[in-house]
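Sequence lines, in order, name chains A and B.
According to numbering that gives the first Met the number 0, the first sequence is numbered sequentially starting from 0.
According to numbering that gives the first Met the number 0, the second sequence is numbered sequentially starting from 0.
Among these hints, one or two may not hold up.
What the hints assert, rightly or not - Some residues of chain B that are not near chain A, with every Cβ distance over 12 Å (derived):
no., residue
1, F84
2, A270
3, H287
To be verified - Simulated pairs of lysine-lysine, DSS-like, Cα-Cα distance not exceeding 30 Å:
no., chain 1, residue 1, chain 2, residue 2
4, B, K11, A, K101
5, B, K156, A, K147
6, B, K296, A, K147
7, B, K291, B, K185
8, A, K147, A, K192
Claimed, not checked - Partial chain B-side listing against chain A, Cβ under 10 Å, derived:
no., residue
9, M18
10, Y113
11, I138
12, S155
13, G173
14, I177
15, A199
16, A266
Honestly, the hints are just simulated from the structure, not real lab data.
This one's a predicted model, so the numbers in the text were calculated from it and none came from an experiment.
All C-beta atoms, glycine included, are put in the ideal place defined by N, C-alpha and C.
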Amino acid sequence: MRRFVKRFTWSQFIISAVLLVLSFMVLIPILNLLAMSFSDPLQVHKLSGLDIIPKGFSFINYEVLFSNPLIVRSIFNSLFLTIVGTALNLFLTALAAYVLAKTDFVGKRVVILFLIVIMVFEPGLIPEYLLVKDLGLLDTYASLLLYKTINIFYLFILMRFFEEVPDGILEAARIDGAGHFRIFTRIMLPLSKPGLATLGLFYGVYHWNEYFRATIYLTDPNKWPLQVVIRQFVVERDNTTLLGAQNILSYEQVQALDFGSLQAGTIIISIVPLLVFYPFILKYYAKGALEGGVKD
Amino acid sequence: MTQKGIFHRVKKDWVIYLMLFPAILYFVIFNVIPIIGMKLAFQDYRVIGDNIWVGLKHFKVLFSSPAFFDVLQNTIIISSMKIIFFFPIPIVLSLMINELRNGPFRKYVQSVIYLPHFLSWVVIAGVWISLLSPDGGGINVIRNFFQLPSLDYMTSKDHIRWVLVFSEMWRSAGWDSIIYLAAIMKISPSLYEAARIDGASTFQQMRFITFPQLLSTVVVVFILNLGFFLNAGFDQVFNMINDSTISKIDILDTYVYRIGILNGQYAYATAASLFKGVIGVILILSTHFISKRLTGKGVW
Numbered sequence: 000m001r002r003f004v005k006r007f008t009w010s011q012f013i014i015s016a017v018l019l020v021l022s023f024m025v026l027i028p029i030l031n032l033l034a035m036s037f038s039d040p041l042q043v044h045k046l047s048g049l050d051i052i053p054k055g056f057s058f059i060n061y062e063v064l065f066s067n068p069l070i071v072r073s074i075f076n077s078l079f080l081t082i083v084g085t086a087l088n089l090f091l092t093a094l095a096a097y098v099l100a101k102t103d104f105v106g107k108r109v110v111i112l113f114l115i116v117i118m119v120f121e122p123g124l125i126p127e128y129l130l131v132k133d134l135g136l137l138d139t140y141a142s143l144l145l146y147k148t149i150n151i152f153y154l155f156i157l158m159r160f161f162e163e164v165p166d167g168i169l170e171a172a173r174i175d176g177a178g179h180f181r182i183f184t185r186i187m188l189p190l191s192k193p194g195l196a197t198l199g200l201f202y203g204v205y206h207w208n209e210y211f212r213a214t215i216y217l218t219d220p221n222k223w224p225l226q227v228v229i230r231q232f233v234v235e236r237d238n239t240t241l242l243g244a245q246n247i248l249s250y251e252q253v254q255a256l257d258f259g260s261l262q263a264g265t266i267i268i269s270i271v272p273l274l275v276f277y278p279f280i281l282k283y284y285a286k287g288a289l290e291g292g293v294k295d
Numbered sequence: 000m001t002q003k004g005i006f007h008r009v010k011k012d013w014v015i016y017l018m019l020f021p022a023i024l025y026f027v028i029f030n031v032i033p034i035i036g037m038k039l040a041f042q043d044y045r046v047i048g049d050n051i052w053v054g055l056k057h058f059k060v061l062f063s064s065p066a067f068f069d070v071l072q073n074t075i076i077i078s079s080m081k082i083i084f085f086f087p088i089p090i091v092l093s094l095m096i097n098e099l100r101n102g103p104f105r106k107y108v109q110s111v112i113y114l115p116h117f118l119s120w121v122v123i124a125g126v127w128i129s130l131l132s133p134d135g136g137g138i139n140v141i142r143n144f145f146q147l148p149s150l151d152y153m154t155s156k157d158h159i160r161w162v163l164v165f166s167e168m169w170r171s172a173g174w175d176s177i178i179y180l181a182a183i184m185k186i187s188p189s190l191y192e193a194a195r196i197d198g199a200s201t202f203q204q205m206r207f208i209t210f211p212q213l214l215s216t217v218v219v220v221f222i223l224n225l226g227f228f229l230n231a232g233f234d235q236v237f238n239m240i241n242d243s244t245i246s247k248i249d250i251l252d253t254y255v256y257r258i259g260i261l262n263g264q265y266a267y268a269t270a271a272s273l274f275k276g277v278i279g280v281i282l283i284l285s286t287h288f289i290s291k292r293l294t295g296k297g298v299w
């Protein structure tokens, strides 16, 4: 550990300064949106793009956003899709990973080869869309939950975690008369919590951030997840929907609202859950990503 | 093994096959069927009744369409710009982070620069639209400070590709440095010890120990990136494109989305998508085997 007790040198000072500036370049645009969302709508025009302290202070943007039924519903939709989706992903991926990592059966090599082949040949967008349409899944959450329900990259990563569980334990259970499914639920899953946590975060972040398939498969705005709603406001600049709950406000209050601040508020709302899980993400995600050599 | 032996093993292991069944069923329906569905590229789509085989009709239209070549050119230009200007940044970052002592500051820097990787491109587009706003956005505040007029980057044909490169850096440079940082951590401390005894400075140690040891990881990541050359960042472009900039940043994937999903030209869009897919598979397979040969590491 000698290399960690290096002397503090000028070059280290310069490097620290550069990294500090880079970290500000990441943080300031986000903190600026945070400041914008909490600024008083009458003073927000004084807020420069580099400010991180609100001008005045007001909850009005969040009051408007949280009284807009479309936004509140979209938050619950996103939570639902993330929780159910991740649970489904984890169960099916773990089931397949157990069989491939810990059992020996006729045809195993064929199955692995099959997985590698379909991993390389990504199906195109259009046949996938037509399949979802033909199955009658348009405008249902099944269309989103059934996309990459088992991510093959992640399956291979989980197999490596499972391989680390000693065979002896499984063998002992088998001698005691436990079947494969029992071994899977009672021994494999409890002993692989770090691996499952890692994959849960991979899948969870994916579901929380998913917007594209929701954009093309869901036409009913009541079913939209938060990301699609944000896209509607920020990218498509749909200000009418953003105001949604104008009936709680007087005409003057609506006039005074700042659309930029409302948009900033939706972005901040979507980041909060990620920040809650961020310590776990830092702990598990990075290790898992390196383990699999996955670049995304 | 005899025929009978195999049959007995399969029968004995029926639980295993039962547990594997959901995964296989899933992959057959949602991977194999759409892959076979790519045959639509050689057909005309019919809402009712069977599709009609039309051979290479759509490819002939595709390859004689100036729009397609514009899109292909944009894809190649944007991907190349990202490789040239983005690719080295995470390497430099990892070298810099490695020089920090373990402690709160290092932890702070890592936590902050990894964060944007976990934001969706919808959110990042929102952050960047605000940052680049001609109406008081951070970058224009800096421009105005230096007496330069405000610029509307998001609608500027001359700047939009650079917006893609820099927003990619903002999102991924930190996170992508992890893989290099992990490689640096594996370098034996005794090498540094010996160098220090010989009086090597921090930069000399970086230049003559860290960087050469890092090179194989750099080669792997570079080659594997080439395999995804035609992707050029669909989610990013999809959320940053607008009518003013479409001629500069419309890429293959956004083109397929527009003519396929929006215009409903399913067969024609599938032809464009198959063209991209075939080149993609060739690139991934060749880069995988080149990487395996050179360094022993590949995509799988």
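Structure-based check of all given hints:
| no. | hint | verdict |
| --- | --- | --- |
| 1 | F84 | holds, 16 Å |
| 2 | A270 | violated, 10 Å |
| 3 | H287 | violated, 8 Å |
| 4 | K11(B) / K101(A) | holds, 16 Å |
| 5 | K156(B) / K147(A) | violated, 36 Å |
| 6 | K296(B) / K147(A) | holds, 25 Å |
| 7 | K291(B) / K185(B) | holds, 20 Å |
| 8 | K147(A) / K192(A) | holds, 22 Å |
| 9 | M18 | holds, 5 Å |
| 10 | Y113 | holds, 7 Å |
| 11 | I138 | holds, 7 Å |
| 12 | S155 | violated, 17 Å |
| 13 | G173 | holds, 7 Å |
| 14 | I177 | holds, 6 Å |
| 15 | A199 | violated, 12 Å |
| 16 | A266 | holds, 8 Å |
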